[in-house]
Amino acid sequence: MKGFILSLRSEFYKSRKTLGFWCSIILPLVICLLVFVGYLTHSDKMGKMPGQLLWMSYASIILGVMGSLLLPIYVIIIGYSVNSIEHKADTWKTLFSLPISKWSVYAAKFVYALFLVFMCLLLFYVFTIASGNLLSTLKPELKFNEFHMESFLGQVYLKLFLASLGILSLQFLLSLVWADFLKPMGIGFLGTIAGMILVGVKWEYNYWIPYAHPLLAINGLFKQPKTPTPAPPTLSVELFTNEIYVSLGIAVVFFIAGFFIVQKKSVK
Amino acid sequence: MVINTDQLSFHFGDQQVVKSLSLQVPEGCIYGFLGPNGAGKTTTIKLLLNLLHPDNGTIKIFDQDITTHRIEILSQIGSLIEQPAIYSHLSGRENLCNRALLLQVPVSRVDEMLELVRLKQAANKKAGQYSLGMKQRLGIALALLSDPKLIILDEPTNGLDPNGIIEIRELLMKLVREQGKTVFISSHLLAEIERMATYVGIINHGEMLFQGSIEELQGLSKPLVHVELTDSADAANLLGRSGYTVSDVRDGNLFIPYTSKEDTGKINTLLNQHGHVVYAIGKVQKDLENLFLSITQNS
Chain A
2 MKGFILSLRS
12 EFYKSRKTLG
22 FWCSIILPLV
32 ICLLVFVGYL
42 THSDKMGKMP
52 GQLLWMSYAS
62 IILGVMGSLL
72 LPIYVIIIGY
82 SVNSIEHKAD
92 TWKTLFSLPI
102 SKWSVYAAKF
112 VYALFLVFMC
122 LLLFYVFTIA
132 SGNLLSTLKP
142 ELKFNEFHME
152 SFLGQVYLKL
162 FLASLGILSL
172 QFLLSLVWAD
182 FLKPMGIGFL
192 GTIAGMILVG
202 VKWEYNYWIP
212 YAHPLLAING
222 LFKQPKTPTP
232 APPTLSVELF
242 TNEIYVSLGI
252 AVVFFIAGFF
262 IVQKKSVK
Chain B
-11 MVINTDQLSF
-1 HFGDQQVVKS
9 LSLQVPEGCI
19 YGFLGPNGAG
29 KTTTIKLLLN
39 LLHPDNGTIK
49 IFDQDITTHR
59 IEILSQIGSL
69 IEQPAIYSHL
79 SGRENLCNRA
89 LLLQVPVSRV
99 DEMLELVRLK
109 QAANKKAGQY
119 SLGMKQRLGI
129 ALALLSDPKL
139 IILDEPTNGL
149 DPNGIIEIRE
159 LLMKLVREQG
169 KTVFISSHLL
179 AEIERMATYV
189 GIINHGEMLF
199 QGSIEELQGL
209 SKPLVHVELT
219 DSADAANLLG
229 RSGYTVSDVR
239 DGNLFIPYTS
249 KEDTGKINTL
259 LNQHGHVVYA
269 IGKVQKDLEN
279 LFLSITQNS
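Protein chains in written order, with this note's numbering: chain A, 2 to 269; chain B, -11 to 287.
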């Protein structure tokens, strides 16, 4: 356990000056800022919307950009980034000749990648809520203050996090085994595009494809009812759906498989 | 014995890299592990550190088996394998601090190490911008950081300038002399090992060809008679016809195995009688460099 905590701290120490780490902070910051500026400069058009619809449109723009394309790509980069730091410096041999168990070194790396994804999604959540509230202060005609969706949005981002675990574990393993950038990246891109297509054509077994999970997780959350009703739509999230179970299953399987690979792997 | 391996074997694909290697490294010595490039030195070191798993044989370090006491053993070893493994986006100090964190060594030790390998000036510079020699010195500092009992260094003087080589040599000798450390150092340069090692192991094609103290190695070196003259080829033929074995002919120089003073006189007379002017004749010790070459080439 001590070795695990030491390794985890070292992961943070090593990566705090890398693109992978800053990506997790800059990505939510930039996207939320862009949408924020868009609403700020076009507040006259949004002024008529009731609070709930305003929040829904605001959050769904950010979620749409993130969930469909950016999240899988971001997760692929994180999986690559935490492993490439060792490939590039040729430090696997030193890591595995330290008096720390291989299990601790490996698990710390995986958990750190998990933490980065979690942090990124948490920042998305925090920035969305904060910027929405800031908007209603700056432009009182935007009625963000009339509705609260903290709990709903929190569940959505939690679901997105769970949905990204399958991709993360798969990509983590690919980047652990292969030192180069193109192989895991290429497979990841193909997977992501295949996922988008399969969700688009509504293939009934698309929940088996990990790259489709983030998109499936946010699909249909903000659907407007077909016949307009005076009552606003009720917002609810079913957290544990098929894709989430599959995502968690894949994460567990690949995490364990990765450990056996590390255990057997010769460090050349 | 600090390191004791028995019948160690390892292969990559169908290539046998290490063959029944039995290493014995006594405590408190500098053990020079010599061999030409590709002899299996780095592979042996990786086996010792449990980075590779042997096909056959056992490895005991501090009288404990590496497979069952991995963490205990590794906590007493500091190592530098091949080119130093350094995070190039971190500074020299940060590289050491990161390792200090993992090994739970106080940060004060980092400054001591920087001082020791003379990197204090460049401590806050990105390690990626270091010269090869500086990287090597940082690698040595990383190996020594935890104050280990056994120091394993794979070609540590690669890329160092003559001053750097002397500093590292003196540092290692001091560590052994004053703190009773054991140093296991690999090299393909005999001259380097000869100056500091007390024990030597010579390996080629994965096989141990010689293992013993440096004195034993020097004892193996047979003396020769060195003759300097003009027409060495003709003189060599003459000596050959007269029953002498000429071991080497190099323009103007002849080398014949030394037997006795009288024999040396006879060689001189024989050459003079046949019109060869001998400029110099005398007994010479075959140097270790040649011995090393002949040991590794004859295998």
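Please keep in mind that the hints were generated in silico from the structure rather than gathered at the bench. Each hint should be verified, as a subset may be incorrect.
Stated by the list, open to error - Within a straight-line C-alpha distance of at most 30 Å, the following computed BS3-like cross-link-like pairs (lysine-lysine) qualify:
#1 B:K48 <-> A:K94
#2 A:K89 <-> B:K108
#3 B:K137 <-> A:K103
#4 B:K137 <-> A:K266
#5 A:K266 <-> B:K7
#6 A:K144 <-> A:K3
#7 B:K7 <-> A:K18
#8 B:K254 <-> A:K94
Unchecked claim - To give an idea of the chain A side of the interface with chain B (calculated C-beta under 10 Å), a few residues:
#9 R10
#10 T92
#11 W93
#12 T95
Virtual Cβ for every residue (Gly too), placed ideally from N, Cα, C.
**OP:** Report holds or violated for the interface hint on T95 of chain A, using the least CB-CB distance to chain B and a cut-off of 10 Å.
**Re:** 4 Å, holds
Original post:
Is the hint on T92 of chain A kept, meaning its closest Cβ partner in chain B is under 10 Å away?
Top reply: Status holds, d = 4 Å.
Original post:
Are the Cα atoms of K137 of chain B and K266 of chain A separated by 30 Å or less?
Top reply: Within the cut-off at roughly 27 Å; holds.
Original post:
Keeping to a limit of 30 Å between CA atoms, is the pair of K48 of chain B and K94 of chain A held or broken?
Top reply: Cα-Cα ~20 Å, so holds.
**OP:** Compare the distance between the alpha carbons of K137 of chain B and K103 of chain A with 30 Å, and conclude whether the hinted pair is satisfied.
**Re:** Satisfied, since the Cα-Cα distance of roughly 22 Å is no more than 30 Å.
**OP:** Let me know if the C-beta of W93 of chain A comes in closer than 10 Å to any C-beta of chain B, holds or violated.
**Re:** With a minimum Cβ separation of about 8 Å from chain B (threshold 10 Å), the hint on W93 of chain A holds.
Subject >> R10 of chain A as an interface hint toward chain B, with CB separation required under 10 Å >> reply: 6 Å, holds
**OP:** Assess, step by step, whether the Cα of K254 of chain B is no farther than 30 Å from the Cα of K94 of chain A, and give holds or violated.
**Re:** The given pair, whose Cα atoms are some 61 Å apart, is violated under the 30 Å limit.
Original post:
Taking 30 Å as the top limit, are the C-alpha atoms of K144 of chain A and K3 of chain A close enough?
Top reply: Status violated; Cα separation ~50 Å.
Original post:
Does K18 of chain A lie within 30 Å of K7 of chain B when you go C-alpha to C-alpha?
Top reply: 44 Å, violated
Original post:
Are K266 of chain A and K7 of chain B close enough, with their CA atoms no more than 30 Å apart?
Top reply: OK: K266 of chain A and K7 of chain B at ~21 Å, within 30 Å.
Original post:
Between K89 of chain A and K108 of chain B, does the CA-CA distance stay at or below 30 Å?
Top reply: Holds: K89 of chain A and K108 of chain B sit about 25 Å apart, inside 30 Å.
When each numbered hint is compared with the structure, violations occur for hints 6, 7, 8.
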